[in-house]
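Protein chains in written order, with numbering that gives the first Met the number 0: chain A, 0 to 363; chain B, 0 to 295; chain C, 0 to 355.
Among the clues, some could well be false.
Pairs of lysine to aspartate or glutamate residues, derived as EDC-like cross-links and limited to a Cα-Cα distance of at most 16 Å, are as follows [to be verified]:
| id | chain 1 | residue 1 | chain 2 | residue 2 |
| --- | --- | --- | --- | --- |
| 1 | A | 146 | A | 107 |
| 2 | C | 320 | C | 334 |
| 3 | C | 320 | A | 171 |
| 4 | C | 27 | C | 208 |
| 5 | C | 320 | A | 330 |
| 6 | C | 174 | A | 107 |
| 7 | C | 275 | C | 352 |
| 8 | C | 275 | C | 350 |
| 9 | C | 182 | A | 170 |
| 10 | C | 182 | A | 330 |
| 11 | C | 320 | A | 299 |
| 12 | A | 284 | C | 326 |
| 13 | A | 104 | A | 92 |
| 14 | C | 180 | A | 318 |
| 15 | C | 180 | A | 189 |
Worth flagging that the hints you see were computed from the coordinates, not collected in a lab.
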Amino acid sequence: MQLTLERVTQRVGAQIWLHEQSIAPRAGAVTVLLGATQAGKTSLMRLMAGLDAPTTGTVRVDGRDVTGRPVRERNVAMVYQQFINYPSLTVADNIASPLRLRGEKDIEGRVRALADKLHIGMFLDRLPAELSGGQQQRVALARALAKNAPLMLLDEPLVNLDYKLREGLREELTQLFASGDSTVVYATTEPGEALLLGGYTAVLDAGELLQYGPTSEVFHEPVSLRVARAFSDPPMNLIAATAVATGVRLADGPLLEVALPGDARAASTAAPDTLTVGLRASALKVEPAPGDVALPGRVELAEISGSDTFVHVHTAVGELVAQLTGVHRFELGAHLTLHLDARQAYVFDAAGRLAVAPRWRKGH
Amino acid sequence: MSTTTKPVNQKAWFLILPVLVCVAFSAIVPLMTVVNYSVQDIISPERRVFVGTEWFAAMMRDDELHGALLRQLGFSFSVLLVEIPLGIALALSMPAKGWKSSAVLVVIALSLLIPWNVVGTIWQIYGRADIGLLGYTLQRLGIDYSYTGSATDAWLTVLVMDVWHWTPLVALLGFAGLRSIPDAYYQAARIDGASKFAVFRYIQLPKMRGVLMIAVLLRFMDSFMIYTEPFVLTGGGPGNATTFLSQYLTQKAVGQFDLGPAAAFSLIYFLIILLLCFVLYNWMQRVGTQKVEVEQ
Amino acid sequence: MARIDLDLAHAYRANPREDADYALLPLKMSFRDGGAYALLGPSGCGKTTMLNIISGLVAPSHGSVAFDGRDVTRASPQERNIAQVFQFPVIYDTMTVAENLAFPLRNRKVPEDRIRQRVGEIAEMLDMSGQLDQRAAGLAADAKQKISLGRGLVRSDVSAVLFDEPLTVIDPHLKWQLRRKLKQIHRELGLTLIYVTHDQVEALTFAEEVMVMTRGRAVQVGSAEALFERPAHTFVGHFIGSPGMNFLPARGHGGGLDIAGLTLAAPRVLPDGELKIGIRPEYLRLAATGAPGAVPAVVTQVQDVGTHAMLGAELAGTRLKARLHADVAPPAIGDTVWLQVLDAHTCYYRDEELVA
């Protein structure tokens, strides 16, 4: 089903929870709502579900106006953070409930198939309280899938689960979404999760919708500084810079040769130091390659996460965090020079809009 | 407002019509009747004279009414003063888990289940010097005690009876409030080396604020409207020492058949309770919000 | 600052007979004075029980706990002088930040001027000097957690600081800052820190040594590097790393390894019989067709994970993941690729334990 929100806002009393925005989650695909807590993800989801009516604006389903219609009429399935199940019904009854409401046939068979799909087939006679967190959430998911609604909303469903469990369930979810044809909207605070889920991403910040597009595109080409900040983990390194003839100069330091578009250059030469250069942690390396810009500094902190090492370096242009593959040991206070290929730099103009982005490989 | 809102389906209103009719009969009509009476002098069922606000003025000037009001306020505040701390203390000492917890809960709740006039009767007998356990014991100890003779004794007895009857409600509410405090707070306090009193003052009391507010409001409203128990126990005596507002009102309306003044006073009574509760509630909300201002 | 020695077990019932009766299977562990440790494992593995035994909130059913050689098994948390930071911020709502930090010292009857000085020092360390007079209840979650931490640090003779999944309620961006702050504090104060989490990134970045636990058992204790390069147990291989280690069933015989119908030369002496080969996605590279030590697999998915691409492939029913460098052109779905499964980083397991 094609869900469209046209120019919706959400105001509660004097507070604006959602600034005017329009979004049309791609039908049959996964749309991730990415943003910090309180960014407006849940508010937007509730508008999509029909739990709340927008203060202004229209909600359409397949072209029809459904703005005033309550959620009961909308045929939506929703999964919450808090493993919400009917506490007094067994797992089997929980999964069967939407089927029973619609008077479907062969309920037992369908329930069994869904339970097996989510690996909870052996718990059909138990009560939700007797299951672990991960299992309870699977019951909630099975129930949502049983409803087979054209729109499925998941509000940070994995956030209360163990790290490893989250990984495993996320993969299963990706496969489940791919095999179905519902439109899925998934809210999360973790950029990594958005990337792993793929599909499309909508970045929200402080009640505003900043960008919506295919996930890879939003990641590699953030339209603004705010999007780049929201969609990076570890946080992107941001350095003030000025436009010069051949590129940009970082905070009175090294020169990066980048091709600045004309208007950005003009605006910046007039007001120095108003450009912002964004460097992803993975763009900074310790092994130099020809043509790289050198950023010498002192090691402040090294964090080893097993597969990667995050080293915090204090340089002349500021505190930088570099993500290096593998385990590297550093002495605190030791001198370390980070190297950067200028083509990996993002440049944002004075207004925070994207001026230059590194080339990336499309088409996944 | 959205310009494209569909017209809201109004059919649901018809479904609640029966309820509206019932409520109308049982509440609104009687209320309107009282308002009607309050502006009339009812000499006999056929002869009624419209007197406007005369009864209201008369009641406001009535000395007996003032007396009853003062006694009532005194009673309500004494009740709060004793029952709230006592209830909290009880809640704190009740076991939290296991069969003992359920047993204590049941035993405590027993006094709440007793019909109110039976409560009055129990204490009436209890306090008698000849056959009552309390009265007899006090007499044997040489203490002069008579709730029919001494106003102080009557007051004390009514107070103790109310405390006995209703403190468990405060205790139950407090108990529920305490149960909602996560263990980690107690653990942190232990680690911080806090004394039991510090734990009470800085963790338990603040976290119980919500339920305590309910307890205070409930006890205040109920005690302000109290009728059965003191009436059965002391009949309002000795003299009018324990005649509280509702009893005075009943005396006027039923005893003397002064429907007009009684109706006028009922409305005033209702408004007093409303006003006091409003003030109390706002005060407690404000005290609470000061601490929770920018809670995110 | 104290050294903590554990030699204990904790059972659910008085006479434990089998493994399932134990919340913590018998273990011996020493946390050196001033070290930073992490207890890492999934929910229900016993890490919180272990932490509570160290802190004194729970007494172990068997065995002992010693602080600097002194037996403290039955001592209370106060007597052990530990500090604990919980999963959600525990602060005294009615007090200001300064009063919160001063609370433990006031309970010990420390003189006021000393309290003021100490509170100032700790606030400075936590970057909260400007908020000392604000009501604690109105602050954000990360500030509240800092206060919880501060209350533990404010006692200068605190023996150890214990953390029970403290970053659970914190936003991802703020997690970075708090982690950094914790490491700085560790460097400055040299306290013994024990951190419980199910998040491996937190554990590995924070601790010098990590104890990986599952179902009441301490499976491996080691540095991040050791756990990453040479996991002693397949559970560690699976749990550490995102995604975890790839495991391929294999059969050893003579000098060869049978993997999914192919026979490869074993690069080292291996026992015969059922084995598992473990190789991490970070080390699984694409190889030329038919290269020695490589196996063919069918590509099932290619994910753009921002900084690199993650290849998913299938071989005889086993799913494999490989991290592709950003410069490598990813293959298409359905292609057959050859993956170098046998190389210097490969680990060999028998009955889930590392053998080579």
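Hints not upheld, ascending by number: Violated hints: 5, 6, 9, 11, 15; rest satisfied.
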